[in-house]
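**Q** Listed here are the chains, written in short residue letters.
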Amino acid sequence: MPLLLVLHWKYGAGSPLPSVNATCATRHQCHSSVMSQIRNQLAQLNSSANALFILYYTAQGDPFPSNLDKLCAPNVTDFPAFHANGTEKAKLVELYRIIAYLGASLGNITQDQKLLNPNALSLHSKLSATADVMRGVLSNVHCRLCNKYHVAHVDVAYGPDTSGKDVFQKKKLGCQLLGKYKQVIGVVTQSF
Amino acid sequence: MLSLQIWLVQALVVFLTTESMGELVDTCGVISPESPVIRSGSNFTAFCVLKEKCMSIYEVNASHIIWKANRVLIPEEQYTVINTTTSSVTFTNKSLSNVQLICNILAFGQIEMNVYGVKMRVGFPPEKPKNLSCIVNEGKKMMCQWDPGRETHLETNFTLKSEWATEKFPDCKAKPDTPTSCTVAFSPVYFVNVEVWVEAQNALGKVTSNHINFDPIDKVKPNPPHNLSVSNSEELSSILKLTWINPRIMNVIRLKYDIHYKTKDASAWSQIPSEDTATTRTSFTVQDLKPFTEYVFRIRCMKEDGKGFWSDWSEDASGITYEARPSKAPSFWYKITSHTQGSRSVQLIWKPLPPFEANGKILDYEVTLTRWKSRSQNYTVNDTDLTVNLTNDRYIATLAARNLVSKSDASILTIPAFDFQATHPVTDLKAYPKDNMLWVEWTPPSKAVRKYIVEWCVLSDTSPCIPDWQQESSTIRRTYLRGKLVESKCYLITVTPVYGDGPGSPESTKAYLKQAAPSKGPTVRTKKVGKNEAVLEWDQLPVDVQNGFIRNYTIFYKTSNGNETAVNVDPSHTEYTLSSLTSDTLYMVRMTAYTDEGGKDGPEFTFTTPKFAQGEIEAIVVPVCLAFLLTTLLGVLFCFNKRDLIKKHIWPNVPDPSKSHIAQWSPHTPPRHNFNSKDQIYSDGTFTDVSVVEIEANDKKSFPEDLKSLDLFKKEKISTEGHSSGIGGSSCMSSSRPSISSSDENESAQNTSSTVQYSTVVHSGYRHQVPSVQVFSRSESTQPLLDSEERPEDLQLVDNVESGDGILPRQQYFKQNCSQPKTSPDISHFERSNPVSSGNEEDCLRLKQQQISDRISQSCGSEQMKMFQEVSATDAFGSETEGQVERFETVGIEATVDEGMPKSYLPQTVRQGGYMPQ
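Quick mapping for you: the protein sequence lines, in order, are chains A and B.
So the first sequence is numbered by full-length UniProt numbering: it starts at 1 and just counts up by one.
So the second sequence is numbered by full-length UniProt numbering: it starts at 1 and just counts up by one.
Rather than coming from a laboratory, the hints here were simulated on the basis of the structure.
If a hint is listed, it holds; no wrong ones were tucked in.
Dumping the calculated BS3-like pairs for lysine-lysine here, alpha-carbon to alpha-carbon at most 27 Å: (1) B:Lys168 / A:Lys126; (2) A:Lys126 / B:Lys221; (3) A:Lys126 / B:Lys256; (4) B:Lys307 / A:Lys126; (5) B:Lys141 / A:Lys126; (6) B:Lys141 / A:Lys114; (7) B:Lys168 / A:Lys91.
Let the hints inform the model, and build the full structure from the sequences given.
**A** What follows is the structure, given as structure tokens:
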């Protein structure tokens with residue numbers, strides 16, 4: 001597990017859930033409206049994804065705003081797949097993987113941006129807020145999978161480690177991820 | 001090696017120090033438990049265990065232990081000696097107070113020593129926190145608060161715990177200064193339920209509140225909408241459109257709104273119906289507003305489903321609706337300011353329309369004046385009055401106000417002809433204050449009224465009545481004065497009905513918006529003060545100081561040390577009579593004027609009632625004086641009538657023989673002295689009683705010796721003739737002459753009037769009393785009568801007189817002077833009251849001895865006058881001095897005239913027992 005994930009992905013985010021066969025326990029019962037909450041959370045993420053994307057590439061400066069197609073194309077390798085026509089359980093599992101992937105990546109991006117653009121406070125704030133919402137989505141999905149579907153474990157995958165890359169590559173990977181995020185969250189939101 | 005030695009030294013020092021400190025802090029025993037925390041109301045037992053070493057040193061055991069709580073000895077009943085080393089003390093039902101418990105021993109049986117002390121803390125375990133609630137202020141962290149329950153009196157920690165279903169959040173420990181709330185450290189995550197509870201813990205226990213589970217989005221208090229703005233519409237003067245920017249939370253939740261509005265000067269807000277603002281929006285149009293009116297708006301929002309909290313109010317925003325046509329015609333009235341032959345100066349006045357009727361900014365007023373069957377005259381006026389000169393005819397005036405949109409309806413006013421007689425006033429006009437307004441109420445007249453004009457002004461003694469006015473419609477029966485009224489002022493209110501043909505008769509009344517006590521009391525004074533009553537008067541208070549309707553006066557009066565008496569007086573009076581007053585008493589009086597709101601004292605006035613009523617003194621004094629005068633007069637008259645009787649009974653004449661004198665009549669003795677001046681005679685004034693006895697010798701036969709004397713008189717007649725001054729002379733000389741003269745003149749006939757001086761007896765009254773009746777008596781002295789002895793004829797003459805009292809007719813020999821001027825002529829008086837006459841005689845003798853050689857030829861009468869003068873100086877009857885002097889004056893003149901006469905018959909006084917040489 002990358003160090004950034006350890007440092008910034010708190011409260012077990014991104015950690016693999018116990019497998020279905022394992023004991024699935026939560027601290028308390030999920031609220032009956034957890035699915036509604038998930039939808040609201042996805043809507044919340046979806047409504048802010050584009051603004052976050054714009055805010056990000058704007059904060060990176062040239063050449064990003066003028067070369068979005070080249071620099072910010074949503075070409076993210078190993079991004080978890082999502083099948084919008086799947087069952088709720090399958091969608092929840094895929095959603096879990098996606099949010100876990102995005103959450104870990106946002107953590108890395110936030111860390112990089114605080115170093116690369118320390119004055120972009122609005123961007124920092126928005127990145128943190130988005131990451132907080134993703135934590136909430138993971139909690140709700142986890143609770144739903146565990147309480148309803150008794151899924152105790154979900155295998156997750158994480159993005160590439162950017163710690164050894166140069167600044168431009170970091171910015172580019174971040175921009176590509178946010179572009180992907182804007183693209184995927186819309187689809188996911190629509191599917192729930 | 002060296003380092004090893006240094007290390008050993010250091011180790012030794014540390015060891016010794018530790019040992020010594022251990023000795024120093026070593027105690028004789030300990031108390032268990034060391035830090036007791038006791039639940040209030042429970043029992044508690046503490047144990048004090050002594051150390052063996054100490055016990056042997058101080059020769060004590062557990063029975064020598066005594067316990068103290070807060071330095072107060074605990075009763076031994078609470079002690080228990082468990083064994084030789086341990087003693088316990090038990091507290092039952094321990095109350096709420098911290099106690100310092102000390103275990104002591106009595107060393108050597110008597111010296112008290114502290115062994116160990118602990119502090120007992122008493123309190124309660126925490127109660128279960130109640131009413132836990134949380135709020136998420138948008139953009140801030142979640143804050144929860146609770147009710148901690150009763151005071152524990154112990155240090156109690158409150159911890160807010162929160163968790164998701166899948167993970168737990170860090171605890172939020174409440175700060176000691178705010179133990180009832182805590183703000184979590186993490187940002188809220190919406191749409192994830194969180195479970196929250198509070199854990200309270202102190203030394204006596206731990207307790208947890210109920211868990212609450214909620215979605216933070218349902219506890220949100222959004223930020224208020226901002227950038228609220230208001231815009232109007234030219235098409236509709238009754239609407240305003242609000243626009244605003246929603247808080248950011250709108251991206252997450254749907255909102256509903258609460259919109260308030262009011263006119264600018266209003267205090268209460270109106271609310272837009274909630275169903276009209278129940279959905280998320282960024283603008284709203286408010287309808288049914290008044291034209292050209294400024295409105296103020298504010299807005300707030302909350303989650304659409306009503307969960308959570310209303311945001312704070314946005315900042316106020318205001319806007320003005322567009323103008324509309326004036327909704328009402330202006331109030332219109334007129335005054336005739338002057339009138340001359342055939343024309344009138346009329347001032348048309350009107351009131352500006354209030355904003356809610358003007359519906360815009362009034363640009364000007366249009367006035368038309370129409371005389372009967374004449375063309376109208378139009379005026380455009382920016383002000384609110386117009387003065388025109390009219391004839392005495394009837395006019396119709398109209399007035400309309402114009403704003404940006406249009407002009408109002410016209411107010412029509414009939415200005416009647418000059419000779420118009422107003423009638424039909426309103427009736428039952430009343431004015432009264434209510435709700436801090438001055439209301440006017442009336443009964444309309446029977447005639448159809450077009451409108452009413454209500455005028456009012458402040459009545460004052462110092463300033464003129466400047467009227468204000470307002471117009472009321474014909475349906476109004478009651479209204480309030482819409483002017484700036486002040487309290488404590490008297491308002492004269494006039495209501496005039498206005499008919500189609502002109503104004504009716506005005507009707508007036510007075511009223512106060514709010515009465516107060518008079519600012520000055522009446523000054524009372526006395527109009528008239530009597531013995532038992534006083535009439536007080538005062539002036540009516542000026543209206544400026546009345547501050548209300550004077551309901552009554554109260555007069556307070558009292559004496560300087562008496563109780564105060566109060567009298568109420570009707571306010572219409574200006575004087576009052578205080579009766580039943582005490583005479584000759586100082587009264588203090590003051591007067592208070594009362595309105596409905598209180599009274600005010602006037603200055604104190606004092607007056608004193610007189611001792612006597614008017615005319616009372618005169619009524620007493622005059623009769624008394626008259627009675628006194630009458631009594632005096634009667635007394636005088638009585639005394640006068642009974643004077644003899646009174647004299648006889650009160651101070652009868654008692655002759656004093658020892659002071660008797662014998663006056664020697666020595667006609668042959670020439671005068672020895674002359675008076676040098678007449679003044680000497682009168683100087684002393686008084687004249688002693690000298691009488692000359694004239695005996696009328698009617699019967700010469702029976703008095704043959706008298707003839708001898710008569711002869712002797714005759715010898716002297718030539719020299720005395722022509723010097724007679726008639727009977728009544730007051731001197732011995734003058735008194736003798738007429739006797740001589742008359743006797744001489746009547747001698748040829750049966751001259752019974754010829755007199756013979758017989759003798760003079762001078763005596764003084766008894767005990768200085770003046771004898772009322774003096775009897776010319778014969779001296780019974782055994783002393784030789786000198787001349788009489790030498791001339792026995794003289795003595796004989798005297799005897800004859802005595803014996804002839806009953807024979808001789810009454811004759812006045814010498815008019816009695818002194819106090820009895822009206823002495824009866826039949827009684828001869830010879831009064832001599834001065835006993836010092838002897839001294840005068842001595843003076844006379846001394847003078848004679850000195851002057852005898854060179855004044856041998858001078859008359860003795862002069863000398864005797866001088867003697868009389870000296871005697872009279874000590875005469876007690878001073879009141880008669882003047883009369884006597886007058887008589888002396890006569891004598892003096894004659895004495896002067898007779899100064900050259902060597903032969904005069906002068907009476908001489910002779911000291912009793914003495915002899916006066918002739």
